[in-house]
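In the order they appear, the protein sequences are chains A and B. Here the first sequence is numbered in numbering that gives the first Met the number 0, starting from 0 and rising by one per residue. Here the second sequence is numbered in numbering that gives the first Met the number 0, starting from 0 and rising by one per residue.
There may be inaccurate statements among the hints.
[Said to hold, decoys possible] Not the full set, but computed from the structure, chain A residues with beta-carbon under 7 Å of chain B:
id: 1; residue: Ala20
id: 2; residue: Pro23
id: 3; residue: Pro24
id: 4; residue: Gln25
id: 5; residue: Ser36
id: 6; residue: Gly39
id: 7; residue: Ala44
id: 8; residue: Gly45
[Stated by the list, open to error] Short, incomplete list of chain B residues facing chain A, as computed with Cβ under 7 Å:
id: 9; residue: Asp103
id: 10; residue: Ser164
id: 11; residue: Ile584
id: 12; residue: Asn588
Note that these hints are calculated values from the structure, not bench results. Built from N, CA and C at the ideal position, the CB exists for glycine as well.
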Amino acid sequence: MPGYERAEVSAELTVLPSERAEKPPQEQIEAAKTAASETGLAHEAGPETLVVAGGRREVIEAMMEVVEASLDAGASAVEIKVEAQRDAPRFGG
Amino acid sequence: MTHVQTVPAIPTRERDAAPVTRPGGIGESTTRADGVPKVTGEFEYSSDLFMDGMLWGATLRSPHPHANIWSIDTSEAEAMTGVFAVLTHEDVPGRKVYGMEIPDQPVLAWERVRYGGEPVAVVAADHPETARQALEKISVEYEVLDPLVDAERAIKEGAPKLHLSGNVLRHVRIQHGDAAGAAAEADVVVTGEYEVGMQDQAFLGPESGLAVPDGEGGVDLYISTQWLHVDRDQISESLGLPPEMVRLELSGVGGAFGGREDLSMQIHACLLALHTERPVKMVYNREESFYGHVHRHPAKMSYEHGATNSGELVYVKARFVLDGGAYASSSMAVCLNAATFACGPYKVPNAEVESYLTYTNNPPCGAMRGFGAVQACFGYESQMDKLAEALRMGPVELRVKNAIEPGDRFPFGQEVPPPAPVTEILERVKAMPMPEEKESTGRDLRELPGGVSNTTHGEGVRRGVGYAVSFKNIGFSAGFDDYSTARVVLCVEDGEPLVRVHTAAAEVGQGLVTLQAQIASTELGIERVAVLQADTRVGSAGSTSASRQSYVTGGAVKKACEAVRERLFKRVREELGEGYDELSIVNGNVVSGGEVVSPLVEVLNEEIEETVEYRHKPTYPPDENGQGDVHVQFAFAAHRAVVEVDVELGLVRVVELATAQDVGKAMNPQALEGQIEGGVAQGLGLALLEEIQIKDGRIQNASFTDYLLPTTLDMPSVKMDILELADPDAPYGLKGVGEPPTISSTPAIVAALRDATGRELPRVPVKPEQIVGIAKKLPDEPPQPGSAGYAEVGRLDERREQ
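Chain A with its partners taken away, still in its complex shape (with noise of 0.2 Å):
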């Protein structure tokens, strides 16, 4: 029952490690993780993938901190794909 007052805004996000960074690319995924964990808004979405949910505000600068850590481990690349609640297309058409 879907009751509570779903998330402004969520943002999927995709680490795309480099096989020639430093860090191997599992670390380089973990680093993202590690990153999304401190903000409280983030839930694994797949092996390489975090769902970040919450206010617009407060994701944006969360999304912001997984970029960040996931650069500075090496990653080559984050996807990044962002939905506003009343335009998401889930539940309820």
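Given chain A's structure and the hints, the job is docking chain B onto it.
Same frame as chain A, now just chain B:
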């Protein structure tokens, strides 16, 4: 990872025509169209679905409640003859997680499993046994981790985090008045620690469905579920398809009670069907079903009630810790419900409530009949009995003294809307005649605790009586856009007027199809009604949960019928002149002033169709102090239980359950009685029998042999007093009726057990060892010789010494 096979073209499953019924009007006890086929075994449940060329799906599940996955090797399984597909998380093309509130649950696990029974891989094969053997050929390398199974520990600092977001799924705090400051004003204070075990919905029809690829990249799924559209939206996200390419049709549902609100095999079956380009059927067996759906949240509750010497409540403090298990499901809403119902339907001037819901490595918990109100009711009603005892007041007297009334405010700040007949239902249930108390010796064994097990002939049997009252929100709360859609068509078929009703509302056994037909017949004055099978070709009806469908989908059907009627009357006036006021439809005729204006068949040269959405009035999320107009409607019920207890063996016979319930309007009295009897049985199960036993995160009793359910021998007769106090905001004044019977029947039975035994009994289900007082440790003194046979054979410890 798919075997390439040549497969036949896939036909779309033929739809049966919707049966035409003559349901009668609202307020009538009408025969259900599905009643006879269910009794005779001809009803087609989702587990009975069949298509030529279909494959059988099966699921590989984690044997560990908490483990890392290092590798998954499917090669041996893929090589088996008859195996068409072996899929892992790598084969999920869209979002790899799902969830109604938070998408946190893997479709198929990748690096980590968080509960015993979590799906890791799925197989499609030409025979269920081949599929099962293929599962055994999949090799998964696990690193077993310590499971975190204690909800209290999970919320403590330093506990291992099971999800990136942490272990606290939700924390709700309700601050009403000044409970701490008011404590000094209380003359009497009682405290208590209470616990509710993990109850299962125990629906009879296991999770099952049939997925059929459409040959164009989409899929049709025939499924037993509670909410077609939310299933569809989650499935399409994980399949990476637009929602219109995933079509769902409800198939026969063998009970739900909340356990079908989450996905189980839906995405798996669709993945396999799309991979193999064949229909794929999945049916869980009974053991697997225990891993395949969520359960009622186990709860630990701490309470403190303060009252004046004359019995007025001064304050309530409550703290709940609810175990959500491995994934979120609908736990967020359950957490809020538990908090808002924590103080009961009483005037509480000061309240402080903390409700925590946590992740653990136990099986996921979510919706079940009563939805957070069940746990709270056991806590607050146990406290009211304890307070009554401390005050030397009668339990009903204390409850009536504090009963909430329209115009009061709940501790969560919402004004109590009328009707709120707490006093009336308590007094009515008390006034019902008590069952005759026969001499306990010399009875038929079936009238004694233990029954034909021949454990007593009446000696050591004591009678007890207990009362409880409860309330529950109807419909979705806290700002959710709660609506239903109905399409109604008025037409002529076989020379007679006919109404067709189409909604996506799930009939799960409660009688909703019949109710929709009754509403259409009433509103349009036409005998013949056909209710189409629920599917996603029409807009969402919301979930069959929260006791909401009669209200919301009933309201949608009513509104659509009204729109059809207006168009019909407009047509009549256009064709026959404007001179007709006050048109109505009577027995298939359009009537004005008692005169027939026109037979309906003559003005229905073109059918009239209307599709409408119906919404109840809005609700709002609570603020940071847990205050707000959170719920839309409240239903109230009171119960009285009479029990007889064999106090030597801890065996119980529930002699009678009596209830008074406000239903607003008895739409179908026979169906209403069924809801009340069924709900009471589920409440009795929680009081005495039903608990999923978990040890170190593993379910110990995943069968209906070991998970104890009440049978007809356990269920007493149920006396009912039905009040019809109309809710002015609801269609026909009705109130949802499905959940209230379950909520206060449990604490009423436990109160009766306390009355009979004098024991505290702070946990449900109550076990025999609690009743005889040896739950925690053996008594210092062994049982004394008495009438249970010791007198003849001697005490057990003495015999051992011989």
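The hints, checked one at a time:
This hint is violated: Ala20 of chain A has a C-beta 20 Å from the nearest C-beta of chain B, more than the 7 Å allowed. Against a cut-off of 7 Å between C-beta atoms, the interface hint on Pro23 of chain A is violated, since the closest Cβ of chain B lies about 15 Å away. A cut of 7 Å between beta carbons decides the hint on Pro24 of chain A: the least distance to chain B is about 13 Å, and the hint is violated. Because the smallest distance between the Cβ of Gln25 of chain A and any Cβ of chain B comes to about 10 Å, over 7 Å, the interface hint for this residue is violated.
With 7 Å as the threshold, the beta carbon of Ser36 of chain A comes within range of chain B, its nearest partner Cβ sitting at about 4 Å, so the hint holds. Given the 7 Å rule on beta carbons, the hint for Gly39 of chain A holds: about 6 Å separates it from the nearest Cβ of chain B. With 7 Å as the threshold, the beta carbon of Ala44 of chain A comes within range of chain B, its nearest partner Cβ sitting at about 5 Å, so the hint holds. Hint status for Gly45 of chain A: holds, given a least beta-carbon distance of 4 Å to chain B, under 7 Å.
Below 7 Å, beta-carbon pairs count as interface contacts, and Asp103 of chain B has one with chain A at about 4 Å; its hint therefore holds. This hint holds: Ser164 of chain B has a C-beta 6 Å from the nearest C-beta of chain A, less than the 7 Å allowed. For Ile584 of chain B, the shortest C-beta to C-beta distance to chain A is roughly 33 Å, which exceeds 7 Å, and the interface hint is violated. The restraint placing Asn588 of chain B at the interface with chain A is violated, with a minimum CB-CB distance near 39 Å, outside the 7 Å limit.
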